[in-house]
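> The residues making up each chain are set out below.
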Amino acid sequence: MSEASPAKAYALHLGVIALLFVLSFVLPDYYHGLLARIMVLAVFAMGYNMLFGYVGLLSLGHAMFFGAGLYGAGLAVIQLGWSVPLAFLGGIACGAVLALVIGLLALRTTGVAFMIVTMMFAQVFYLLILYFATWTGGDQGQVVPQPARVLNFGTTSLDLTNPTVRYMSALALFSLVLLVTLAIVRSRYGRVLVAIRENEERTKMLGYDTFSNKLIAVVVSGTICAASGAAYALLFGYVGSSFASVQYSILPLLWVLLGGAATTLGPLIGTVFMYYVIDVTSGYTSAYLLIVGVALILLVLFFPKGILGTARQRWLGWLP
Amino acid sequence: MADKNGFFDLSKTALTRRTALKGLAAGAGLAVAPGFVRYSQAQSSAPIKIGFQSHRTGIGAAYGRWYEKTTAAAVKAINAAGGINGRQVEVIIEDDGTDPGRGAEVVGKFATQHKTDIVFGTLFSHVVIGSAPAAGENKMPYFVVSEGHHVASTKLNRYVFQPGITDVKSQIQSMAPWIAANAGKKVTQIFPDFAFGYDHRDYLPPALKAQGAEVIAQIAIPPTESSFTKYFPQIPPETEVIYHVMVGPAVLTFVKELGEFYGSNRPQLFGFIDSLEATDINSPGLEFLDGSHFWEGSPRYAQADDSEAQKAYRAAVGIDDNGAAVGDPKDVSTAAHMFGCWETLYVVKKAMEDAGYKGPEDRAKLVEATEALTAFAEGPEHPQGAKTFNGKIHQCFGIQNISKVEGGKLKVVHKTKIEDGLYEAEGDYTKQAL
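As they're listed, the protein sequences go chains A and S. Sequential numbering from 2 applies to the first sequence in my numbering. Sequential numbering from 48 applies to the second sequence in my numbering.
Hints may contain errors.
Per label pair, the in silico range of CB-to-CB distance [said to hold, decoys possible]:
1) A:Leu297 <-> S:Gly133: 30 to 40 Å
2) A:Met169 <-> S:Asp409: 41 to 51 Å
3) A:Met169 <-> S:Gly406: 43 to 53 Å
Okay, the calculated bits of chain S under chain A, using three or more residues with CB under 8 Å as the criterion [claimed, not checked]:
4) 165-178
5) 239-253
6) 279-289
These are calculated hints, taken from the structure and not from any lab test. What you are looking at is a predicted structure, and each value in this text was computed from that prediction instead of being measured. Even for Gly, the Cβ is constructed at its ideal location relative to N, Cα and C.
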């Protein structure tokens, strides 16, 4: 892989952000709303990619980090009456703390055991949501009241239920996480993560504390996923246990695999692709998941490293 | 075409980049908006568009299929009688996968892409609750057929209504007098350990207490459980009635194992038919239910005293005397709930006519007109029975049926009164801004 100059890499990413900004003004209403949702979930995928793509740790439990952000922010508003910014930070903090604890325990394992351990922890998290249904709303979930979803700045206020405000909020979060992710993967620390993925023993022999580096990656990954969950609760007004179910641990894996693991823009591409395939095909047949499955098989056959991963391998070696 | 002064004379038009971009954007917008041609039709002749949020896939698929059949039958009847305000009704279906996340997207799609007049037809509580914010934000009247208490709890928003089916709190409260008087005073509850079960866990004890009976044990069974025998020793020996509301594929195992545990000497059994909707009551393993009682919203089996309206409704939907699809006895319907789709559509019709509804700009008027409704008389539009409607909590109240399993059929042995299910309002949606 050839290395892109910083200017080229940042120009590409700023161009994507600019494109998303422009799309806000030209997309029809429905796709405008859908893209806001996709950007929030792409953040979830980016968080997942940080661990899976760059460290090579395949987690089957990232729904718990998304759920921690979702419930941390949502319940802070519903049960404690916190303001939106505080609740958002609260949600992120929940995810960060959970990721630290889970990381300390799960990183004692590797490979298949890591997958199983993360899945089990996520299942515990999911069942705890059901167990404490009095506060969480259980499997039915709860609505985050519309009047509470307002950002106040002195005398001005921004209504997060307004489509434009919601889109721009989602874009702001997406842009921040995209640029932070780019900075991380281009940094010295990012290279250490890739070294761990490629050969952990050799990295150890070079003097790196691989456990600490992996733990930091788990926390960063969990925190980003929690930011996505917190934003989802506040922007779309619902917290429910289905978002912490195993399905939401598999989905970011699929989005990242589709878009291209260890590519910064792959998670966005994968999420967009999957969303649009489901949205379009479900309008024609109730067997749309079959079509999604066929699409996935075709992608694996012709784009084994995901869309951007294969593009990088064949044509665009400089892609970060 | 020679049109030097008119629209088609493009010879002097400068194509700037801005114009080209606008054109491309507009073209792309039109291309991704199916049915855009229809939007330009005069509203007076265009059909009323109802967005049907259907559980076509996922855990609610059996319900979704029958909800679609009932809806199609009701729309056919409404259109044959002249439609709503002289306009035909068109149903646009989107699958929500019985998923709250997708449900919210579907409501958004109806509002912003299909531009339907209302959204209708959702059953599963978590999908309703997940979709309600999208309905409120889009100011889209959202008529659900869910039976959950979430609408009446007034925790959703002013755009969500449940006028065609009673809620579970009301249903449970209505059952208590009959259970206490006929089945027994000491009741043990067995319920799934999630929200559907919690409604029964929370509302039955006070309702029974008011009737001089009591719940002596509550056994919650985790949703992941596939075998139940280990829970049965927790049933107190003095139990006179087992009140069971297990749902899902495990219910057959539950009944079979309960039968093996008790043999022929069992307490009275009382259940909610939700456990066995779309399931043949004569399925192997369910023999143990013979002689037990069930709640039914609308009877699955044709009854000797069925009204003409009930008979016409069953014929229109296409269910036989056993509650299965005409021509396919194995395709058992969700009769206890699906009547709610039929009745809800007639409530929508009435409210649109009262509001003089012309199009989406009149959605607020439609909300107010629906809130102003107070009662629905039994008849072709409301074949399940008469109902009252509380506009403050957006919830209807009606009669319930208690049926006994006899000879492989469900026979209605008691009908409750509307008053049995009334309770104090927990809030007032009409105070919320439109």
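> With reference to the structure, classify each hint as holding or not holding.
Consistency of the hints with the structure:
For Leu297 (chain A) paired with Gly133 (chain S), a C-beta distance near 49 Å fails the hint of 30 to 40 Å. A hinted range of 41 to 51 Å is violated for the C-beta pair Met169 (chain A) and Asp409 (chain S), which are about 31 Å apart. A C-beta distance of roughly 30 Å is found between Met169 (chain A) and Gly406 (chain S), which places it outside the suggested range of 43 to 53 Å. Figure legend: the segment 165-178 of chain S, annotated as covered by chain A; annotation consistent (4 residues with Cβ-Cβ distances under 8 Å, at least 3 required).
A stretch counts as covered by a chain when three or more of its residues have a beta carbon under 8 Å from one of that chain; for the segment 239-253 of chain S and chain A the count is 4, and the coverage holds. A count of 0 residues in the segment 279-289 of chain S with a Cβ less than 8 Å from any Cβ of chain A is obtained; the coverage claim is therefore unmet, three being the minimum.
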